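Participant: Sequence:
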Amino acid sequence: MRFLAAALLMLALIGSAGALETLYANNFSIEVRVSPEKDYFFAGDDVQITYTIYPKTTADKVKLGGEQGNPRSYDFKTSLLEAKGIWKIQYSGAPYKSEDFKGSSVSFEVLYFSIPEQGKEGVDYISVNLTGKVPETNLRIKEIDALFATAEEAAKDALKPVTIRVVNKTAFLADLNSLKNKMSEVRNKLESEGVKYDEKEFQNVGDLLSSAEKDLGAGNYLAADEKLRKLEEKILNLTNLADKLRAEEVYGKLSEVMNNLSIKLEELQILIQGLRGTENFTNFSSSYATLKSSADGLKIKLQAIRDYLEQEKFTKAY
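Counting from 741, one number per residue, gives the positions in the sequence shown under my numbering.
Each hint should be verified, as a subset may be incorrect.
Computed Cβ-Cβ distance ranges for the label pairs, DEER-style [what the hints assert, rightly or not]:
(1) 771 to 941: 19 to 25 Å
(2) 917 to 849: 17 to 23 Å
(3) 957 to 890: 23 to 29 Å
(4) 995 to 1018: 32 to 38 Å
Below, simulated DSBU-like cross-link-like pairs (lysine-lysine); rule was C-alpha separation at most 30 Å, straight line [claimed, not checked]:
(5) 882 to 801
(6) 900 to 922
(7) 828 to 873
(8) 873 to 778
(9) 842 to 824
(10) 900 to 929
(11) 842 to 900
(12) 896 to 828
(13) 837 to 909
(14) 778 to 882
(15) 993 to 929
(16) 909 to 778
Calculated from the structure, these hints are not laboratory results.
What you are looking at is a predicted structure, and each value in this text was computed from that prediction instead of being measured.
Glycine is no exception: its CB is placed at the ideal position from the N, C-alpha and C atoms.
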């Protein structure tokens, strides 16, 4: 142990500090163990993570540490609650250095290391072993960084994070019920406005809802989440379809009114021509002008609705 302390002291005093070389993902070999091994966790579950950083090559053993007189710092952050653990640095050919820690983050320095007479230099590995409890999430399922590692003068993606999925059963049920309600609202909207729709569209959504509900009851949360995502997209499409059908119906009815109005205008125009020079000519001409103004306004409205339909801004069309 004394020779390690002497070596470290000697290294700390060697020369002036050199600039740290930038490290990338290909300088590291990462080994991660998460216990227990599960596809997802619930809030409050206990989790243990062991994160070990190995040099990719013999040359990287030196790069993982600092330059002479200039150590390289490593930072580790966790979103686990009540986190505690131990970090360890295993220098090549020397006893390891370690220290316990508590809290959501820990930082430590890795020195340049060399024992020339033994031909040993650099770092064999750096490891962090921590335990903690899974935090809550408001989402039905969320992927979180259980451990996030960075190194000084290293690319942002040089050290991959440890991610876990967190499940919220209550949020799952809330989202499922919300989608059921939305489907009913869309159907009721179409029926109340007398808009025709394809029943198969709703049958497909209903079948998917039932399947997602079964997965949820069986604890197959990942499968249930995938189906709920599809449901969200399908119900959004149904909502857009309902708005489109309603807009097209409004456009169709107004077009029919416009056609009838155009016919009446033509008939009235012929009638007025026959009344020219009579006392009724002025009254009928005034009525024609009023009706023509209404027709022009309806044409503008129809064009606006047509534009909204082409732009798929269906709710603005009615």
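Participant: Now tell me, hint by hint, if it's right for this structure.
Facilitator: Going through the hints against the structure:
Distance hint check for residue 771 and residue 941: the Cβ-Cβ separation is about 49 Å, which falls outside the suggested range of 19 to 25 Å. For residue 917 and residue 849, the Cβ-Cβ distance of about 52 Å falls outside the hinted range of 17 to 23 Å, so the restraint is violated. Roughly 42 Å separates the CB atoms of residue 957 and residue 890, a value that falls outside the hinted 23 to 29 Å. Restraint check, residue 995 to residue 1018: a C-beta distance of roughly 35 Å satisfies the suggested window 32 to 38 Å.
A hinted pair counts as satisfied when its Cα atoms are at most 30 Å apart, and residue 882 with residue 801 does not qualify at roughly 36 Å. Distance check on the hinted pair: residue 900 and residue 922 sit about 40 Å apart at the alpha-carbon level, beyond 30 Å; violated. Distance restraint check for residue 828 and residue 873: the Cα-Cα separation of roughly 22 Å lies within the 30 Å cut-off, and the hinted pair is therefore satisfied. About 14 Å separates the Cα atoms of residue 873 and residue 778, which keeps this hinted pair within 30 Å; it holds.
Of the pairs offered as hints, the one joining residue 842 and residue 824 holds, with about 4 Å between alpha carbons and a cut-off of 30 Å not exceeded. This hinted pair does not check out: residue 900 and residue 929 have alpha carbons roughly 49 Å apart, beyond 30 Å. Among the hinted pairs, residue 842 with residue 900 is consistent with the structure: their alpha-carbon atoms are about 22 Å apart, no more than 30 Å. Taken as a hint, the residue 896 and residue 828 pair is honoured in the structure, with Cα atoms around 22 Å apart against an allowance of 30 Å.
Proposed proximity of residue 837 and residue 909 is contradicted: the alpha carbons are some 43 Å apart, above 30 Å. Using a Cα cut-off of 30 Å, the hinted pair residue 778 and residue 882 holds, with the two alpha carbons roughly 14 Å apart. Restraint check: the Cα-Cα separation between residue 993 and residue 929 comes to about 18 Å, which is no more than 30 Å; the hinted pair holds. The straight-line distance between the Cα atoms of residue 909 and residue 778 is roughly 16 Å, inside the 30 Å bound, and the hint therefore holds.
Hint check: violations occur at hints 1, 2, 3, 5, 6, 10, 13; the rest are consistent with the structure.
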